[in-house]
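**Student:** Kindly produce the complete structure, drawing on both the sequences and the hints.
There are 2 protein chains.
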Amino acid sequence: MPQGVPASVPDDGLTTRQRRNQPVLAVHTGDGKGKSTAAFGMAMRAWNAGLRVAVFQFVKSAKWKVGEESALLALGQCHIDTGAGGPVEWHKMGQGWSWLRANTEHADDHAGAARAGWAEIARRLDAGEHDFYVLDEFTYPLDWGWVDTDEVIETLARRPGRQHVVITGRRAPQALVGAADLVTEMRKIAHPMDAGRKGQKGIEW
Amino acid sequence: MPQGVPASVPDDGLTTRQRRNQPVLAVHTGDGKGKSTAAFGMAMRAWNAGLRVAVFQFVKSAKWKVGEESALLALGQCHIDTGAGGPVEWHKMGQGWSWLRANTEHADDHAGAARAGWAEIARRLDAGEHDFYVLDEFTYPLDWGWVDTDEVIETLARRPGRQHVVITGRRAPQALVGAADLVTEMRKIAHPMDAGRKGQKGIEW
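Respectively, the protein sequence lines represent chains C and A. All residue numbers for the first sequence refer to our numbering, where the first residue is 1 and numbers rise by one. All residue numbers for the second sequence refer to our numbering, where the first residue is 1 and numbers rise by one.
Hints were generated in silico from the structure; no laboratory data involved. Please note: incorrect hints may appear among the correct ones.
The calculated SDA-like cross-link candidates involving lysine to any residue, where the alpha carbons are at most 20 Å apart (straight line), are [as the list claims (entries may be wrong)]: (1) C:K188 x A:V177; (2) A:K63 x A:E89; (3) C:K201 x A:P23.
**Tutor:** Set out below in structure tokens:
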């Protein structure tokens with residue numbers, strides 16, 4: 001548990017409050033488990049703090065649904081019903097994003113779908129629409145060159161206000177790692193899949 | 001995203017269903033962030049699958065409260081109100097566990113409090129009271145010798161049914177790592193604390 005005591009106090013002319021209120025860019029990378037799960041756990045924490053949470057999943061199938069989606073949307077509903085926490089949005093790339101009129105717009109064009117997803121996220125970042133963004137598995141379109149890493153870094157660098165962003169996935173580009181405030185590498189030490197087990201509901205999804 | 005395809009099928013005489021239904025012991029260790037957060041994210045997923053979730057936090061202060069506690073308890077309330085997901089319990093060591101009559105029973109005796117916590121967890125494991133346990137920061141009492149690692153491993157090995165257990169914390173004992181089905185090491189690559197930032201609500205807790 002962090003004790004909240006910084007290792008050193010920087011000579012940046014900022015007050016503790018100003019420093020405390022800086023937006024965080026976090027990257028969860030590596031071959032191990034827990035990259036997305038830790039990001040969704042952070043989203044749960046952000047919800048509790050009343051932050052406006054938005055998750056963007058850069059996954060192939062819109063049908064694939066992790067338990068965290070239902071749980072975070074349940075928390076979002078709890079916000080609507082009781083005012084607790086903050087609002088929650090969950091968007092999936094699949095064959096097209098939920099905000100697109102035609103779900104077939106990027107059918108079989110994953111690169112186009114990924115670019116459309118990033119364009120919308122960039123628009124929202126510029127507008128300050130959310131307080132906490134999860135860009136789940138976003139490293140892959142970056143790694144594959146579908147979305148330009150430099151443009152992502154520039155957009156993140158100029159984002160107004162205090163918008164926190166967590167990016168997950170293997171092979172995070174080095175430039176993105178360099179731009180992040182918090183980078184964690186999840187390393188696999190042992191995994192039941194190695195022993196021939198299949199995934200199970202409540203554990204794997 | 002795991003595709004659910006095992007690297008190999010073991011020659012253990014079990015059917016896929018039997019293998020799928022095996023209880024998982026996971027350990028999140030290492031010096032990086034995300035060990036507890038990923039465990040709480042898994043708890044959120046377990047909640048969604050209708051599993052009976054119980055969190056046991058081996059932390060010094062019962063006053064310290066992470067956002068995940070409120071969020072998971074909100075999901076537990078959602079279960080009570082609407083039947084969605086599963087029930088959620090959250091217990092903290094602090095100066096004494098919530099199930100103890102006298103909160104002062106282990107005042108200033110952290111070793112005794114940790115042992116009392118483990119004794120109760122062992123009782124619940126033997127009785128099959130929950131489906132998904134988070135033993136948060138439990139590696140410390142093991143590392144310090146307050147709770148016997150071999151006894152923990154024996155109790156876990158004989159636990160009936162399909163009770164999943166996630167243990168978090170730095171310096172996980174090697175014997176525990178060896179007994180686990182899934183071990184992830186969270187490695188710190190960069191952290192805002194290093195740049196003199198203090199933690200902030202919604203991000204650090």
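**Student:** Hint by hint, note whether the structure agrees.
**Tutor:** Cross-check of the supplied hints:
no. : hint            : verdict
1   : C:K188 x A:V177 : holds (12 Å)
2   : A:K63 x A:E89   : holds (17 Å)
3   : C:K201 x A:P23  : holds (12 Å)
In this structure, none of the earlier numbered hints is contradicted; all agree with it.
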